[in-house]
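Number of protein chains: 2
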Amino acid sequence: MSSITSWNFPTNIKIGSGSLNQISGICKDLKILKPLIVTDKNLQNNAIMQDLKNTIVNSSIPLNIFSKVDPNPTEKNLDDGLKILKNGGFDGIIAFGGGSALDLGKLLGFMVAQKLTVWEFEDVGDNWKKANTNNILPTIAIPTTAGTGSEVGRAGVLTDHLNKVKKVIFHPKMLPKNVICDPNLTLNLPKNLTAGTGMDAFAHCLEAYCSPGHHPMADGIALVGMKLVKENLIEAYINGQNIEARQNMLSAALMGATAFQKGLGAIHALSHPIGAVYNTHHGTTNAIVMKKVIDFNKSHIIDKIEKLAIFLEIENGFKGFIDYIEDLCKNLNIPKNLSEIGVNEDKLELIASMAIIDPTASGNPKELDFNNTLNLLKECL
Amino acid sequence: MSSITSWNFPTNIKIGSGSLNQISGICKDLKILKPLIVTDKNLQNNAIMQDLKNTIVNSSIPLNIFSKVDPNPTEKNLDDGLKILKNGGFDGIIAFGGGSALDLGKLLGFMVAQKLTVWEFEDVGDNWKKANTNNILPTIAIPTTAGTGSEVGRAGVLTDHLNKVKKVIFHPKMLPKNVICDPNLTLNLPKNLTAGTGMDAFAHCLEAYCSPGHHPMADGIALVGMKLVKENLIEAYINGQNIEARQNMLSAALMGATAFQKGLGAIHALSHPIGAVYNTHHGTTNAIVMKKVIDFNKSHIIDKIEKLAIFLEIENGFKGFIDYIEDLCKNLNIPKNLSEIGVNEDKLELIASMAIIDPTASGNPKELDFNNTLNLLKECL
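Residue numbers (this note's numbering), protein chains in the order written: chain A, 652 to 1032; chain B, 652 to 1032.
Some hints here could point you the wrong way.
Put simply, identical chains are the same to the list, so a pair is met inside one copy or across any two.
As a list, the in silico DSBU-like pairs of lysine-lysine whose alpha-carbon atoms are at most 30 Å apart [what the hints assert, rightly or not]:
id : residue 1 : residue 2
1  : K727      : K824
2  : K780      : K998
3  : K998      : K818
4  : K970      : K824
5  : K824      : K781
6  : K719      : K685
Since the hints were made in silico from the structure, they are not lab data.
Could you build all of it, start to finish, from the sequences and the hints given here?
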């Protein structure tokens, strides 16, 4: 594996150890003279934040950081950021962090050009066509986890804190102009986050691959993404300092997010409301329900899973694949079931009712209704 | 397979029977009021040209056609087109045809905004950074063959007729804004073109997959692209009216061209000079040399080809894959060797010397030098 490689789809991606140093050249190409760095609150005092600061200062780019980004970013975070952005004469965004910082960075670059409120751009119908496309600021995305793949996505999630719901805000121009995937930034990711975000990447690939939409490019990307997870996640978990494993997990993450425009399914349809009600970790929740969801969909996906098992060099077809997921979760110390992360019987009906209207439910191979979803949730308890 | 699907990478793609009808909506989205239609000379009186005209007229888009596009477009074609473009108040390009029309359409949209000559943007080093990026016209690409994949490429090939060389002109903004892949437009493609262009798509996928670069997304796309060729090319060849097979070949073509940014190799390094010297069909030439090139690279790619054979459900590993290529070519009535398309011993040294400096040579798994390339050419005679 050569040290730094350039990929040009779905956007411009630099990947490899040391690629962070290319930030000054990228700013120059994008004609960004004064970027606003948007980062997670909890990264403020992290060593990798210092790496970024040093790189920025050495590039003679002015250092301006906005770090009021909550783990689930809100309207308030957006408004605070917009004030700084509008008053500071900034001409670009460097979004640095996990999914939250990347999403908020993308949202800031987009919203600074809009007159309508952010909720007018919720990902429903053709809302995105209402946007003003002039003066949207270019975003450079630098992920520090390997899971969500927000760095290659055209949407951002924002919590409407009045109504206590997460909303997806979409516009094609929210896709970052450039992405820097430097595995050095992920070497010290804690074990549980390595596991949870890695399983999120796997879930994206797996659901995209199983979803019945017609998108052979997404299928191919998902297949190889799963292979990368199979060959690297356990190693990245056990030996976090393995740069190659970390880089391959960064690849798998952005491949999952590229592939899932084909569709997701019940893993996400369950995980979203469970996360909303119990504030559980998204990727970890995906991992917990994965095996049961695949079994639930069996009659619709058995051929696909058998081919996938061959590709992943897993023996015993469908059964072998289910066993593989079980072993993988065990080796990553993923909790065995939803009970272990605090979900209980009481709210299962509420969760089932939320799951069947989740936007990802329609991508599931087998149709979800209230009863079969409730049964599926009980199986996962 | 649903009738029309949207894909959003590497660009915006509408694929499916009847997707041609979406042209008016796409023009509206791109704010194109007066497009120039750029098409191949030999499509002028073709039935599919009439389909396009009817669709345009029904969309109340003004009908303006530039069809002075030679099979290997030249500077002259470009200059003629630029005059029309500059004097006509056009605000976008609809490139309709095979690789030549698509390339020239993309070049026109790009060059209309430039002050430098086209040769200043030859794909060497950072030449593309010299371009003026304002006022480049948006291109909508509509392929009528399934092979080159120019519809998803960021380059165009132009023949420098003074120096008798083909040059690749590159700029990221030459990537069409939208692509329409309507299989109806390819139903009457003659058998020999179906075979040759289909094998071009296969060669793009195969060389990208074998090339040693690090690009797992390209690998996944190439794998599934080859599967689509395996499952559809013979059918499209035998039964040209099979819409599903035709659509899958359109997918395979654009997947090949998406994947080959990872790299190509000796198939193309040989085929380019052979085409330049003997004016042979590019895809057909690729098909003729394919088997020998794979065998030439054997020691470097045996593991990859064995995995590929498993994925394509071909028995007997490397040997089985070579046999598969041989059978495929036979079933498509591809000439058996280079002699059958007029290549003879006399110019082999010239071709070898051109091949080793072809830009694609560096992507070959095994290093090409004059002697081993000459021997390889002799094997293909």
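> From the Cα coordinates, with 30 Å as the cut-off, is the pair K824 and K781 best called within, between, both, or neither?
Replying inline: Classified as both: same-chain Cα gap 13 Å, cross-chain 24 Å, threshold 30 Å.
> Given identical chains, is K727 near K824, meaning Cα to Cα at most 30 Å, within a copy, between copies, both, or neither?
Replying inline: within (22 Å within a copy, 37 Å between copies)
> When no copy is specified for K780 and K998, does a C-alpha distance of 30 Å or less occur within a copy, between copies, both, or neither?
Replying inline: neither (38 Å within a copy, 58 Å between copies)
> Which holds for K998 with K818 at a C-alpha limit of 30 Å: within a copy, between copies, both or neither?
Replying inline: within (22 Å within a copy, 65 Å between copies)
> How would you label the pair K719, K685 (within, between, both, or neither) given a Cα cut-off of 30 Å?
Replying inline: within (19 Å within a copy, 47 Å between copies)
> Taking 30 Å as the upper bound on the Cα-Cα distance, should K970 and K824 be classified as within, between, both, or neither?
Replying inline: Intra 42 Å, inter 48 Å, cutoff 30 Å: neither.
The structure does not agree with the numbered hints 2, 4 stated previously, though it agrees with the rest.
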